[in-house]
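Peer 1: Line by line, the protein sequences are chains A and B.
Numbered according to my numbering, the first sequence terminates at residue 333, and the numbering increases by one at each position without gaps.
Numbered according to my numbering, the second sequence terminates at residue 333, and the numbering increases by one at each position without gaps.
Be aware that one or more of the hints could be misleading.
Each pair may be met inside one copy or between any two copies, as identical chains are not told apart.
[As the list claims (entries may be wrong)] Derived pair list, reagent style SDA-like, types lysine to any residue, alpha-carbon separation capped at 25 angstroms:
id, residue 1, residue 2
1, Lys323, Thr271
2, Lys29, Ala98
3, Lys34, Ala98
4, Lys298, Asn329
5, Lys323, His313
6, Lys323, Leu234
7, Lys235, Ala46
8, Lys29, Ile269
Hints in this document: simulated from the structure, not taken from any laboratory.
Protein chains: 2
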Amino acid sequence: MTDAKYDVLAIGNAIFDVLVQTDEGFLAKHAMAKGSMALIDEARAAAIYRDMGPATEMSGGSAANTIVGLASFGARTAYIGKVKDDQIGRMYAHDIRAAGVAFDTLPATDGPATGCSYILVTPDGERTMNTYLGAAQKLTPDDIDAGQIAAARITYLEGYLWDPKDAKDAFVKAATIAHDAGREVALTLSDAFCVDRYRDEFLELMRGGTVDLVFANEAELHSLYQTSDFDGALKQLREDATLGIVTRSEKGCVVVSNDGVISVPAFPIDTLIDTTGAGDLFAAGFLFGLVRKAGYEKAGRLGGLAAAEVIQHIGARPQVSLKQLAEQNGLPA
Amino acid sequence: MTDAKYDVLAIGNAIFDVLVQTDEGFLAKHAMAKGSMALIDEARAAAIYRDMGPATEMSGGSAANTIVGLASFGARTAYIGKVKDDQIGRMYAHDIRAAGVAFDTLPATDGPATGCSYILVTPDGERTMNTYLGAAQKLTPDDIDAGQIAAARITYLEGYLWDPKDAKDAFVKAATIAHDAGREVALTLSDAFCVDRYRDEFLELMRGGTVDLVFANEAELHSLYQTSDFDGALKQLREDATLGIVTRSEKGCVVVSNDGVISVPAFPIDTLIDTTGAGDLFAAGFLFGLVRKAGYEKAGRLGGLAAAEVIQHIGARPQVSLKQLAEQNGLPA
Numbered sequence: 001m002t003d004a005k006y007d008v009l010a011i012g013n014a015i016f017d018v019l020v021q022t023d024e025g026f027l028a029k030h031a032m033a034k035g036s037m038a039l040i041d042e043a044r045a046a047a048i049y050r051d052m053g054p055a056t057e058m059s060g061g062s063a064a065n066t067i068v069g070l071a072s073f074g075a076r077t078a079y080i081g082k083v084k085d086d087q088i089g090r091m092y093a094h095d096i097r098a099a100g101v102a103f104d105t106l107p108a109t110d111g112p113a114t115g116c117s118y119i120l121v122t123p124d125g126e127r128t129m130n131t132y133l134g135a136a137q138k139l140t141p142d143d144i145d146a147g148q149i150a151a152a153r154i155t156y157l158e159g160y161l162w163d164p165k166d167a168k169d170a171f172v173k174a175a176t177i178a179h180d181a182g183r184e185v186a187l188t189l190s191d192a193f194c195v196d197r198y199r200d201e202f203l204e205l206m207r208g209g210t211v212d213l214v215f216a217n218e219a220e221l222h223s224l225y226q227t228s229d230f231d232g233a234l235k236q237l238r239e240d241a242t243l244g245i246v247t248r249s250e251k252g253c254v255v256v257s258n259d260g261v262i263s264v265p266a267f268p269i270d271t272l273i274d275t276t277g278a279g280d281l282f283a284a285g286f287l288f289g290l291v292r293k294a295g296y297e298k299a300g301r302l303g304g305l306a307a308a309e310v311i312q313h314i315g316a317r318p319q320v321s322l323k324q325l326a327e328q329n330g331l332p333a
Numbered sequence: 001m002t003d004a005k006y007d008v009l010a011i012g013n014a015i016f017d018v019l020v021q022t023d024e025g026f027l028a029k030h031a032m033a034k035g036s037m038a039l040i041d042e043a044r045a046a047a048i049y050r051d052m053g054p055a056t057e058m059s060g061g062s063a064a065n066t067i068v069g070l071a072s073f074g075a076r077t078a079y080i081g082k083v084k085d086d087q088i089g090r091m092y093a094h095d096i097r098a099a100g101v102a103f104d105t106l107p108a109t110d111g112p113a114t115g116c117s118y119i120l121v122t123p124d125g126e127r128t129m130n131t132y133l134g135a136a137q138k139l140t141p142d143d144i145d146a147g148q149i150a151a152a153r154i155t156y157l158e159g160y161l162w163d164p165k166d167a168k169d170a171f172v173k174a175a176t177i178a179h180d181a182g183r184e185v186a187l188t189l190s191d192a193f194c195v196d197r198y199r200d201e202f203l204e205l206m207r208g209g210t211v212d213l214v215f216a217n218e219a220e221l222h223s224l225y226q227t228s229d230f231d232g233a234l235k236q237l238r239e240d241a242t243l244g245i246v247t248r249s250e251k252g253c254v255v256v257s258n259d260g261v262i263s264v265p266a267f268p269i270d271t272l273i274d275t276t277g278a279g280d281l282f283a284a285g286f287l288f289g290l291v292r293k294a295g296y297e298k299a300g301r302l303g304g305l306a307a308a309e310v311i312q313h314i315g316a317r318p319q320v321s322l323k324q325l326a327e328q329n330g331l332p333a
């Protein structure tokens with residue numbers, strides 16, 4: 001195994017975020033399940049957008065947010081995801097490259113527009129996402145650069161990739177290449193409804209050894225094992241994954257592995273504004289701790305720190321240098 | 001004169017903002033005059049964007065920001081400005097209509113893309129704008145809806161309209177229609193460099209009675225009369241405009257008219273984040289006070305309140321209801 005050129009390479013649905021602060025009534029009117037990610041078609045996207053207030057736009061996408069967070073910590077990073085060569089797609093490519101992430105996936109030149117997520121942020125800070133996948137559906141195994149995957153210590157995959165038809169083949173191809181090169185593969189379960197759609201497949205990925213590290217929040221963990229018993233689910237996760245990391249919002253996180261089970265508290269915040277990206281940025285901090293060999297405790301703290309930054313403003317990408325933020329808080333950077 | 005359907009109608013360059021927090025070094029490297037608005041061509045736009053960090057996008061444009069602020073206060077509003085029928089132009093149209101502003105200008109179907117301003121925000125909160133006018137250059141007198149202008153108590157025009165070739169004809173046409181209908185016309189001088197480009201024409205608009213109300217900041221006032229003597233410039237403004245409103249950042253504003261000269265303090269803030277839109281939102285609050293016949297003192301306070309809101313976050317559009325903010329601060333709403 002040669003030295004890794006990248007600390008982490010992430011693969012995900014490349015999605016542009018259209019964010020608006022709204023009230024509970026809007027969610028009720030449009031029959032949205034608060035806190036979830038719903039896949040929508042073009043007609044529903046138009047109907048939701050028509051009714052939405054003035055928005056703020058920025059690049060998003062779960063694994064992309066994570067990789068941008070990692071780059072902000074100072075990690076060496078790469079991203080694979082599909083946009084279209086349209087105005088939004090060009091902004092997307094700009095933003096991820098400007099964050100210091102290697103991004104070479106060819107944009108689609110025809111077919112649907114770059115994917116967008118219409119994100120409603122309610123006064124309690126919770127975000128409800130409505131995602132039109134658009135060009136993200138065009139990601140195929142051909143987009144997986146074997147050399148790039150083999151050159152990354154960790155390949156990080158989002159569960160959302162199970163939604164577009166060809167992306168799951170790209171997912172498995174990437175995992176195979178990574179393992180053949182002696183690298184590790186991480187999966188985030190993404191969303192409780194996503195887990196519900198692909199429960200058996202996700203369990204097979206874990207039990208068959210296609211993925212080594214698994215990130216989940218409480219709702220996703222409960223959905224995965226179809227139980228409301230947290231400790232029981234955690235025990236199963238410990239059996240099914242080499243390393244399992246479960247986030248619990250203000251209760252911090254729990255890390256399960258052969259070494260045992262440890263809990264790490266959340267990082268305190270002043271004001272919750274928008275939870276969009278909380279899990280993504282937690283994963284960024286935790287993975288950064290892992291690649292810096294900081295230990296699970298410090299990795300969990302780095303995750304909490306990055307999550308705390310992102311939930312105190314609108315949008316899922318960090319607004320400050322996470323490297324500096326880590327230094328200011330006496331954490332490895 | 002019939003009752004007005006709109007309190008204020010604004011005409012301006014419809015510009016999409018691409019905002020990034022950066023450092024002084026970036027301005028120096030690209031030879032930008034801090035705090036100004038520079039017009040750039042497509043090649044320079046590409047060069048600046050290529051070098052810029054990850055951005056946040058939202059609709060902007062000086063007069064458009066003002067009219068959105070007025071709508072947020074609860075005023076009845078309309079906007080005339082030119083975008084292209086492209087992805088960014090459609091977001092632009094969405095945002096202004098979603099703010100409650102009537103917006104019926106036909107988008108351009110060919111020619112340059114919707115205009116963009118690349119806005120660099122330095123750690124001191126100052127913004128430096130680089131504007132590619134794009135489709136905004138396509139605004140012509142044909143876009144001026146005579147019925148809409150005649151139905152607005154105040155037609156508000158931005159000095160930036162003097163930059164695109166045909167827009168100044170649209171400007172004069174609108175002012176003529178407004179006056180023929182017994183309405184008032186307001187002008188914002190926009191930018192000190194803009195005043196430097198069109199000083200004689202702006203003075204002629206004022207002295208010839210094409211505009212009645214004039215908004216300026218200190219730098220624009222000094223540029224207009226080519227003097228560093230503030231009191232002398234103010235005296236000249238009082239002669240040249242029916243009503244002159246001069247903003248002085250943290251020193252508040254000065255209002256000059258036949259009734260005399262009054263000063264109104266600024267509204268205190270906690271943290272200056274981004275001055276983008278400060279003058280635009282001041283004008284929104286002041287105009288709202290005017291149309292509510294609140295008197296210059298309260299109009300100035302409403303302007304200060306709206307400016308204070310917008311400079312405490314990234315971007316030039318209000319993030320809260322200005323109507324509620326005014327109520328919370330005991331001001332007319």
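Peer 1: Decide, hint by hint, whether the structure agrees.
Peer 2: Status of the hints after comparison with the structure:
1. Within a single copy, Lys323 and Thr271 get their C-alpha atoms as close as 22 angstroms, and across copies as close as 23 angstroms, so both meet the 25 angstroms cut-off.
2. Within a single copy, Lys29 and Ala98 get their C-alpha atoms only as close as 38 angstroms, which misses the 25 angstroms cut-off; across copies the closest is 17 angstroms, which meets it.
3. In the homo-oligomer, the alpha carbons of Lys34 and Ala98 lie at most 25 angstroms apart only across protomers (22 angstroms), although the nearest pairing inside one protomer, at 32 angstroms, exceeds that limit.
4. In this homomeric assembly, Lys298 and Asn329 come within 25 angstroms of each other (Cα to Cα) only inside a single copy, at 12 angstroms, whereas the closest approach across copies is 45 angstroms.
5. In this assembly of identical chains, Lys323 and His313 lie within 25 angstroms of each other by CA distance both inside one copy and across copies; the values are 18 angstroms within and 23 angstroms between.
6. Taking identical chains as interchangeable, the C-alpha atoms of Lys323 and Leu234 are never at most 25 angstroms apart, the minima being 31 angstroms within one chain and 49 angstroms between chains.
7. Taking the shortest alpha-carbon separations for Lys235 and Ala46, neither the intra-copy value of 44 angstroms nor the inter-copy value of 53 angstroms comes in at or below 25 angstroms.
8. Taking CA atoms no more than 25 angstroms apart as the test, Lys29 paired with Ile269 passes in neither setting, with 31 angstroms inside one copy and 36 angstroms between copies.
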